[in-house]
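Protein chains in written order, with our numbering: chain D, 1 to 381; chain S, 1 to 676.
I should point out that these hints are in silico values taken from the structure, not numbers from a laboratory.
Where hints are given, some of them may not hold.
As the list claims (entries may be wrong) - Derived PhoX-like pairs (lysine-lysine); straight-line CA-CA distance at most 25 Å: (1) S:Lys52 <-> D:Lys366; (2) D:Lys351 <-> S:Lys589; (3) S:Lys481 <-> S:Lys495; (4) S:Lys82 <-> S:Lys56; (5) S:Lys416 <-> S:Lys481; (6) D:Lys345 <-> S:Lys56; (7) D:Lys366 <-> S:Lys596.
Computed from a prediction, not measured in an experiment: that's the story for all the values here.
Residues per chain are reported as follows:
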Amino acid sequence: MAVEMASRSQVLVEEKSGVRILTLNRPKQLNALSFQMISRLLQLCLAYEEDPSVKLVILKGLGRAFCAGGDVAAVVRDIKQGNWRLGANYFSDEYILNYVMATYSKPQVSILNGIVMGGGAGVSVHGRFRIATENTVFAMPETALGLFPDIGASYFLSRLPGFFGEYVGLTGARLDGAEMLTCGLATHFVPSKRLTALEADLCRVGSSDPTFASTILDAYTQKPRLKQQSAYRRLDVIDRCFSRRTVEEIISALEREATQEADGWISATILSLKKASPASLKISLRSIREGRLQGVGQCLIREYRMVCHVLKGEISKDFVEGCRAILVDKDKNPKWEPRRLEDMKDSMVEKYFTRVEEEGEWEDLKLPARKNLPAIAISKL
Amino acid sequence: MSDNRALQRVNILVNHILQSSPTSSSNLSLTREICLQYSPPELNESCVFDVKEMRKLLDGHDVVDRDWIYGLMTQSNLFNRKERGGKIFVSPDYNQTMEQQREITMKRIWYLLENGVFQGWLTESGPEAELRKLALLEVCGIYDHSVSIKVGVHFFLWGNAVKFFGTKRHHEKWLKSTEDYVVKGCFAMTELGHGSNVRGIETVTTYDPTTEEFVISTPCESAQKYWIGGAANHATHTIVFSQLHINGTNQGVHAFIAQIRDQDGNICPNIRIADCGHKIGLNGVDNGRIWFDNLRIPRENLLNAVADVSSDGKYVSAIKDPDQRFGAFMAPLTSGRVTIASSAIYSAKVGLATAIRYSLSRRAFSVTANGPEVLLLDYPSHQRRLLPLLAKTYAMSFAANELKMIYVKRTPETNKAIHVVSSGFKAVLTWHNMRTLQECREAVGGQGIKTENLVGQLKGEFDVQTTFEGDNNVLMQQVSKALFAEYVSCKKRNKPFKGLGLEHMNGSRPVLPTQLTSSTLRCSQFQTNVFCLRERDLLEQFTSEIAQLQGRGESREISFLQSHQLAEDLGKAFTEKAILQTILDAEAKLPAGSVKDVLGLVRSMYALISLEEDPSLLRYGYLSRENVGDVRREVSKLCGELRPHALALVTSFGIPDSFLSPIAFNWVEANAWSSV
Chain D
1 MAVEMASRSQ VLVEEKSGVR ILTLNRPKQL NALSFQMISR LLQLCLAYEE DPSVKLVILK
61 GLGRAFCAGG DVAAVVRDIK QGNWRLGANY FSDEYILNYV MATYSKPQVS ILNGIVMGGG
121 AGVSVHGRFR IATENTVFAM PETALGLFPD IGASYFLSRL PGFFGEYVGL TGARLDGAEM
181 LTCGLATHFV PSKRLTALEA DLCRVGSSDP TFASTILDAY TQKPRLKQQS AYRRLDVIDR
241 CFSRRTVEEI ISALEREATQ EADGWISATI LSLKKASPAS LKISLRSIRE GRLQGVGQCL
301 IREYRMVCHV LKGEISKDFV EGCRAILVDK DKNPKWEPRR LEDMKDSMVE KYFTRVEEEG
361 EWEDLKLPAR KNLPAIAISK L
Chain S
1 MSDNRALQRV NILVNHILQS SPTSSSNLSL TREICLQYSP PELNESCVFD VKEMRKLLDG
61 HDVVDRDWIY GLMTQSNLFN RKERGGKIFV SPDYNQTMEQ QREITMKRIW YLLENGVFQG
121 WLTESGPEAE LRKLALLEVC GIYDHSVSIK VGVHFFLWGN AVKFFGTKRH HEKWLKSTED
181 YVVKGCFAMT ELGHGSNVRG IETVTTYDPT TEEFVISTPC ESAQKYWIGG AANHATHTIV
241 FSQLHINGTN QGVHAFIAQI RDQDGNICPN IRIADCGHKI GLNGVDNGRI WFDNLRIPRE
301 NLLNAVADVS SDGKYVSAIK DPDQRFGAFM APLTSGRVTI ASSAIYSAKV GLATAIRYSL
361 SRRAFSVTAN GPEVLLLDYP SHQRRLLPLL AKTYAMSFAA NELKMIYVKR TPETNKAIHV
421 VSSGFKAVLT WHNMRTLQEC REAVGGQGIK TENLVGQLKG EFDVQTTFEG DNNVLMQQVS
481 KALFAEYVSC KKRNKPFKGL GLEHMNGSRP VLPTQLTSST LRCSQFQTNV FCLRERDLLE
541 QFTSEIAQLQ GRGESREISF LQSHQLAEDL GKAFTEKAIL QTILDAEAKL PAGSVKDVLG
601 LVRSMYALIS LEEDPSLLRY GYLSRENVGD VRREVSKLCG ELRPHALALV TSFGIPDSFL
661 SPIAFNWVEA NAWSSV
């Protein structure tokens, strides 16, 4: 068994017969995806796809996080230096990686034993198998940062049951492993103490037919109890409110529910919506709604247009402000602009979905050609 | 040949082996070499224009709200979600009994109601609110015609009758409760003995001043109300159309509100209701028959916007002429023809998107020995079957949008134009849909027979459109009659033509070139000239034939009947020219670019296929035999030029994958043993 370890590398690679174990290795930054990590992951994934000896890819994180997201701090630095195009390149590579994973012809097993946020979801949820544990904490916190759930989230969130995806995407609500499994974001739940044994078993897989990995995973998986106060138990309320036409209508539907019964969960939900960036909320809702009707490739192309508008900051600069308030100054008091939902007009929302008019070449995201994909390679949710 | 047979035999054997041991991977790779594999058309087809831009043009308005309601449907279990070939589809289960289909249709409507879809449908007004409502209704119809018809009857027939025929007292009492479905309305106009001829209905209403009530009765079996959507199971209230007899004088057709069921769904006294039974489609709509046995309703229930009866029984109306009164009365009902025309085009889009996607992934026969089989849409004959229908659907999409625009911006002055245009468009667009669905059904071969694949089923679901809200043939005659009246009135008063697109008649008669080159044929000016020439000449011929007949002492009515052939040609010429104008207008508004270029090809195809299909051009000599041959060759050329855009053109319809059917996608996997 050949083992290749490059300890200084941000992505560790182990080769175990037909299996490749990739470990995100930036534990101090909770494995936030740097530009180098994305490039390396993409390069490895494409190489493994061509290599007939590789049957299965395992992705995990070192430390208490699987991956806490993209390296937005670096992107904001670029924007401040007047270099939003550098940030755009980062997202372009990240989305291409997401697309390759979503259309991967070999099974990817992601072991989500810790924090999974934003970009972390992007490198796992699109893959065939996602293993949650009792340590898993999942969230799409972008609307609180002045961004929107990207990395193909408009594809997978919109395919969750009912309107749970709108709830998760707009409020940034945290989900535990049991909730991830129940709503479909995770495919299996394995207690963390059994992960080592599971990995060892997976390394014996000798075929890229996902049914082999599936059989092994099924032997380890458990059915955890959904906690009593889980948002998923409120799916009826979520469906009634988050199905509404606009963000404003969603909030007033929640407020109506709140008047009927005093409920901590509803008021917390309303509060998180009121604290989020109005611009982010509106473009996120529309993105999820469009995503529901589109393929994963179209979703990523649209999200790339959106993120370029976010980076360019002509309609709103909430991304820079959100990162300042949450990540840099940590005063948790962002000054959003537009300040109120009603100030974020439909025409402004519309702009995020149009091509970016730019001096010099700006192009839509170019996805690599993927040949002869079976339907199961694409639809995983 | 013998090699091929041997290969096939091996293939069959391998499949036998594989069924018993599906995990043997070495054999799997063997089958991949031999078996047909689905290849998504997206992989091989290119797209030269922005599909999103094209979709915006086609949908015309409220794209975000359309996506919202598409999503509402896909996310609910009420809409019969199912997985086929790794994709989710939503489509009604047409194998359910009529009773089940009716109940699930009602439940789907409750769900849409709870999610605020119908908010403001009657209580808000203005073009924007109206367009939004039309967009949402269109999407309902893409999911299932029964849903849109049941919603349409409630809001557009019952609701709009209250709104437009009624006055403040009716609005206050009924509009909000209708919007919230506290009352469920239906619309009792058609009778067993009278359909398109509303003025001939036999239901009679009299007034009893002692109790200040109207008394409605069904005097004979032919006066039973028939095909009343919603009446068989769900409706609590109805609009009743009836002759109004006051002191022995028949004041003509009037509309009343009557309750037919209580809130618990029990049929009210003096009302009898029977079912219309199972239909060839649209079984989610509970069509019923109603008899009125001297039903008494309060005087206030007369919808009195046009005429009223005082408490002591005097008939009062601001419009003295009964003909005009009837016209004023019926004008608001145009909305039915507007919604039917646009929904017919969306149905044709579902058919074409399915058939064209299938023809870009299904192969049949090789043209060379041992060569690969040929993709269906690479056969020129298959292109000729589907692509002209695609071009027509595009042109008619713009026509439907234009009709909606003139409808939502209507004024008393535009009533006549709306009546004429909506009559022509409703007839031509619904006929086009039926023809398209039949062609698509045949074009996907046996798969079209499967209900799940939708294309065949839609024929039954949409067939009624050619009959209801005015029989298509009657409507086309109305178009010709209106054109006749316009012509006579302009000539009599020696005034220039204005309106209905007849302004070209004021100029000189267009002269067509004798030689038709490819570039002439594709020139919008040439196309406009041929369509104008045909309309102008037919209108002149029609009026002169009527004049001749009248000169021989025939009545105007008899003369119209005698000239039915010219009337038919003229109605068609008028409508096709009006459609051409809408796509030309849409094209003209676009900046130079790929969308405009492709739309130009589509428009030329529409124009030329309309010419190819119309024998009147040869019959009346507008084109020579040689010209007609040139047109035919150009159609064939255009087929080849549109072929590379076929996928992008149907993707631009904006209909989500889940609203099409399994054969539009991976039909191999959808039918695989593993998914049995």
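We went through each hint and held it up to the structure:
About 17 Å separates the Cα atoms of Lys52 (chain S) and Lys366 (chain D), which keeps this hinted pair within 25 Å; it holds. For the given pair, Lys351 (chain D) sits about 21 Å from Lys589 (chain S) by alpha-carbon distance, which is consistent with the 25 Å threshold. This hinted pair checks out: Lys481 (chain S) and Lys495 (chain S) have alpha carbons roughly 19 Å apart, not beyond 25 Å. A distance of roughly 29 Å separates the Cα atoms of Lys82 (chain S) and Lys56 (chain S); the hinted pair therefore is violated under the 25 Å criterion.
A threshold of 25 Å between alpha carbons decides the hint, and for Lys416 (chain S) with Lys481 (chain S) the separation of about 12 Å falls inside it, so the pair holds. In summary, the hint linking Lys345 (chain D) to Lys56 (chain S) is supported, as the alpha carbons are separated by about 19 Å, within the 25 Å threshold. Between Lys366 (chain D) and Lys596 (chain S) the CA atoms are separated by roughly 24 Å; this keeps the pair inside 25 Å, and the hint holds.
The earlier numbered hint that this structure contradicts is number 4, and it is the only one.
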